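Asker: Spelled out from the first residue to the last, the chains are:
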Amino acid sequence: GAVVSQHPSWVICKSGTSVKIECRSLDFQATTMFWYRQFPKQSLMLMATSNEGSKATYEQGVEKDKFLINHASLTLSTLTVTSAHPEDSSFYICSAPPSGVVYEQYFGPGTRLTVT
Amino acid sequence: AQSVTQLGSHVSVSEGALVLLRCNYSSSVPPYLFWYVQYPNQGLQLLLKYTTGATLVKGINGFEAEFKKSETSFHLTKPSAHMSDAAEYFCAVSDYQAGTALIFGKGTTLSVSS
Chain L
1 GAVVSQHPSW
11 VICKSGTSVK
21 IECRSLDFQA
31 TTMFWYRQFP
41 KQSLMLMATS
51 NEGSKATYEQ
61 GVEKDKFLIN
71 HASLTLSTLT
81 VTSAHPEDSS
91 FYICSAPPSG
101 VVYEQYFGPG
111 TRLTVT
Chain E
117 AQSVTQLGSH
127 VSVSEGALVL
137 LRCNYSSSVP
147 PYLFWYVQYP
157 NQGLQLLLKY
167 TTGATLVKGI
177 NGFEAEFKKS
187 ETSFHLTKPS
197 AHMSDAAEYF
207 CAVSDYQAGT
217 ALIFGKGTTL
227 SVSS
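If you read the protein sequences in the order shown, they are chains L and E. Under the working numbering, read the first sequence as residues 1 to 116, first letter to last. Under the working numbering, read the second sequence as residues 117 to 230, first letter to last.
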């Protein structure tokens, strides 16, 4: 089946620094990718929709200047958490549906971000 | 707007007992429905999905779910629980549009005791 990878799987950064998380579709192309955030013991909340070649669409309440999304190619989307603070510590998960496939969506393994 | 409600944030069963995890959805269009399982510090694994056709859907690890439009439900069942089934389970909904993000329920933690 289709595989989505994320890198890094775990990152610790100091407050005020920026960190980049990569999401790659390894064996299929994805014009759209999704970024979710999951706090401990909670569900996944959609943060933004990443569109190849255009601006990302952010959900209400998500700061677009803080969570920068770049979908540079059909297989790569990046999420950069700028000026990270401890409250940004969370589990970030991306997903991607193969282009043109109605309902298949594949999830990455997630990235654990800890801001100290 | 679509939404998903999972009844019971925590379900406990004994090994060998029936597993029933409840999910109700709200959607203005015919939905696609999904069940995912998540183990600690891991991503999501698809258990099963309903798109069209047969309303009883069989998935991996012996799980199955039945789409009941009249009840707007998509409950997940397994006849006999195994210790390895202990995990977090999420029900999710999507509409027909290609590439639409999933809307997740709050999740149900399944505990299995010996």
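These aren't lab readings, by the way, just hints derived from the structure by calculation. From a predicted model like this one, the values you see are computed outputs, not experimental measurements. Honestly, I wouldn't trust all of these hints.
Pairs of lysine-lysine, DSSO-like flavour, derived with a Cα cap of 30 Å [what the hints assert, rightly or not]: (1) L/41 with L/20; (2) L/41 with E/184; (3) L/66 with L/41; (4) L/14 with L/66; (5) L/66 with L/20; (6) E/174 with E/222; (7) L/64 with L/20; (8) L/20 with E/222; (9) E/185 with E/222; (10) L/66 with E/184; (11) L/20 with E/185; (12) L/64 with E/222; (13) E/185 with L/66; (14) L/14 with L/41; (15) L/55 with E/222; (16) L/55 with L/20; (17) E/185 with L/14; (18) E/184 with E/165; (19) E/222 with E/165.
Label-pair restraints from in silico Cβ distances [stated by the list, open to error]: (20) E/144 with L/51: 37 to 47 Å; (21) E/222 with L/74: 30 to 40 Å; (22) E/132 with L/82: 27 to 37 Å.
Chain E regions said to be covered by chain L (calculated; three or more residues, Cβ under 8 Å) [what the hints assert, rightly or not]: (23) 149-160; (24) 189-199.
For each residue, glycine too, the CB sits at the ideal point set by N, CA and C.
Asker: So, for every hint listed, does it hold in this structure?
Answerer: Here's how the hints hold up against the structure:
1. L/41 with L/20: holds, 24 Å
2. L/41 with E/184: At roughly 29 Å apart (the allowed maximum being 30 Å), residue 184 of chain E and residue 41 of chain L satisfy the hint.
3. L/66 with L/41: Since the Cα atoms of residue 66 of chain L and residue 41 of chain L sit roughly 24 Å apart, the hinted pair holds (cutoff 30 Å).
4. L/14 with L/66: Holds, at about 15 Å.
5. L/66 with L/20: holds, 12 Å
6. E/174 with E/222: Holds - the C-alpha atoms of residue 222 of chain E and residue 174 of chain E are around 23 Å apart, at most 30 Å.
7. L/64 with L/20: Roughly 14 Å separates the two Cα atoms, so the pair holds.
8. L/20 with E/222: Holds: residue 20 of chain L and residue 222 of chain E sit about 27 Å apart, inside 30 Å.
9. E/185 with E/222: holds, 21 Å
10. L/66 with E/184: violated, 42 Å
11. L/20 with E/185: Distance of about 42 Å is beyond 30 Å: violated.
12. L/64 with E/222: At roughly 25 Å apart (the allowed maximum being 30 Å), residue 222 of chain E and residue 64 of chain L satisfy the hint.
13. E/185 with L/66: violated, 41 Å
14. L/14 with L/41: The given pair, whose Cα atoms are some 24 Å apart, holds under the 30 Å limit.
15. L/55 with E/222: It holds: about 29 Å lies between the C-alpha atoms, which stays within 30 Å.
16. L/55 with L/20: holds, 17 Å
17. E/185 with L/14: Answer violated: residue 185 of chain E to residue 14 of chain L is near 49 Å, above 30 Å.
18. E/184 with E/165: It holds: about 13 Å lies between the C-alpha atoms, which stays within 30 Å.
19. E/222 with E/165: holds, 18 Å
20. E/144 with L/51: 37 to 47 Å: 24 Å Cβ-Cβ, so the 37 to 47 Å window is violated.
21. E/222 with L/74: 30 to 40 Å: holds, 33 Å
22. E/132 with L/82: 27 to 37 Å: Cβ of residue 132 of chain E to Cβ of residue 82 of chain L: about 51 Å, so the range 27 to 37 Å is violated.
23. 149-160: holds (count 5)
24. 189-199: violated (count 0)
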